[in-house]
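Start from the sequences, fold in the hints, and give me the full structure.
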Amino acid sequence: NAGVMQNPRHLVRRRGQEARLRCSPMKGHSHVYWYRQLPEEGLKFMVYLQKENIIDESGMPKERFSAEFPKEGPSILRIQQVVRGDSAAYFCASSRRTGGLNTGELFFGEGSRLTVL
Amino acid sequence: AQKITQTQPGMFVQEKEAVTLDCTYDTSDPSYGLFWYKQPSSGEMIFLIYQGSYDQQNATEGRYSLNFQKARKSANLVISASQLGDSAMYFCAMSSGGSNYKLTFGKGTLLTVNP
Numbered sequence: 320n321a322g323v324m325q326n327p328r329h330l331v332r333r334r335g336q337e338a339r340l341r342c343s344p345m346k347g348h349s350h351v352y353w354y355r356q357l358p359e360e361g362l363k364f365m366v367y368l369q370k371e372n373i374i375d376e377s378g379m380p381k382e383r384f385s386a387e388f389p390k391e392g393p394s395i396l397r398i399q400q401v402v403r404g405d406s407a408a409y410f411c412a413s414s415r416r417t418g419g420l421n422t423g424e425l426f427f428g429e430g431s432r433l434t435v436l
Numbered sequence: 056a057q058k059i060t061q062t063q064p065g066m067f068v069q070e071k072e073a074v075t076l077d078c079t080y081d082t083s084d085p086s087y088g089l090f091w092y093k094q095p096s097s098g099e100m101i102f103l104i105y106q107g108s109y110d111q112q113n114a115t116e117g118r119y120s121l122n123f124q125k126a127r128k129s130a131n132l133v134i135s136a137s138q139l140g141d142s143a144m145y146f147c148a149m150s151s152g153g154s155n156y157k158l159t160f161g162k163g164t165l166l167t168v169n170p
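Top to bottom, those sequences are chains A and B. All residue numbers for the first sequence refer to the numbering used here, where the first residue is 320 and numbers rise by one. All residue numbers for the second sequence refer to the numbering used here, where the first residue is 56 and numbers rise by one.
It is worth saying that the hints were derived from the structure and are not from the lab. The reader is advised that the hints may include incorrect statements.
[To be verified] Capping the alpha-carbon separation at 30 Å, the derived lysine-lysine pairs in BS3-like fashion look like this:
#1 A:363 to B:125
#2 B:162 to A:381
#3 B:128 to B:58
#4 B:157 to A:390
#5 B:71 to A:363
#6 A:381 to B:58
So this is what it looks like as structure tokens:
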């Protein structure tokens, strides 16, 4: 499967725990985007990363949320001290280049569904 | 700011008929892209079709076509010959020149195909 890979698909955490979501982009893609989908809503942009750089984190909550895309390995979205309102589907997408969005070249993973008890 | 409006929370169509899902957008950027995604009950986001603002012809991908009316700022998705497997949520989204790496999504339309 050469698509965008996300894991885990489902994650259950208790309030106050940490959640780590992983995303491996498509082969040849070096741009990664994270989106959040709350129940019955469309996706909302969170953060855009390239290898070792955060390009735009304007959609990230100011506290408890962080993202990285190291030189080696997957991109990670980390949520510390989770609260019930963090329950959502978190989608990762990747593209070959920034301009990829001007050609439709953006592909999503299957999402990670976080449930906070 | 960019905005996508999908005014149909739900739509029904008979199998084998065509259906149009509405999408209007708002942006001040002259360069933008319009996307449609399908989200079945299993939850994944499936890319369907893309239209660039400078594309002269309407995009088509198999049974999907995008009715792009620039002056009206609309980008409706047309699904021909509906199949039961087309039942899903459909999201319209836009990227625009200023932040062309960022998609703005509508709230979606739930399509149900009846046998």
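Okay, the hints, checked on the actual structure:
1. A:363 to B:125: holds, 24 Å
2. B:162 to A:381: Given pair residue 162 (chain B), residue 381 (chain A) holds - Cα atoms ~24 Å apart, limit 30 Å.
3. B:128 to B:58: The hint holds at about 11 Å.
4. B:157 to A:390: holds, 23 Å
5. B:71 to A:363: violated, 33 Å
6. A:381 to B:58: With Cα atoms ~23 Å apart, residue 381 (chain A) and residue 58 (chain B) stay inside 30 Å; holds.
Of the numbered hints stated above, the single one contradicted by the structure is hint 5.
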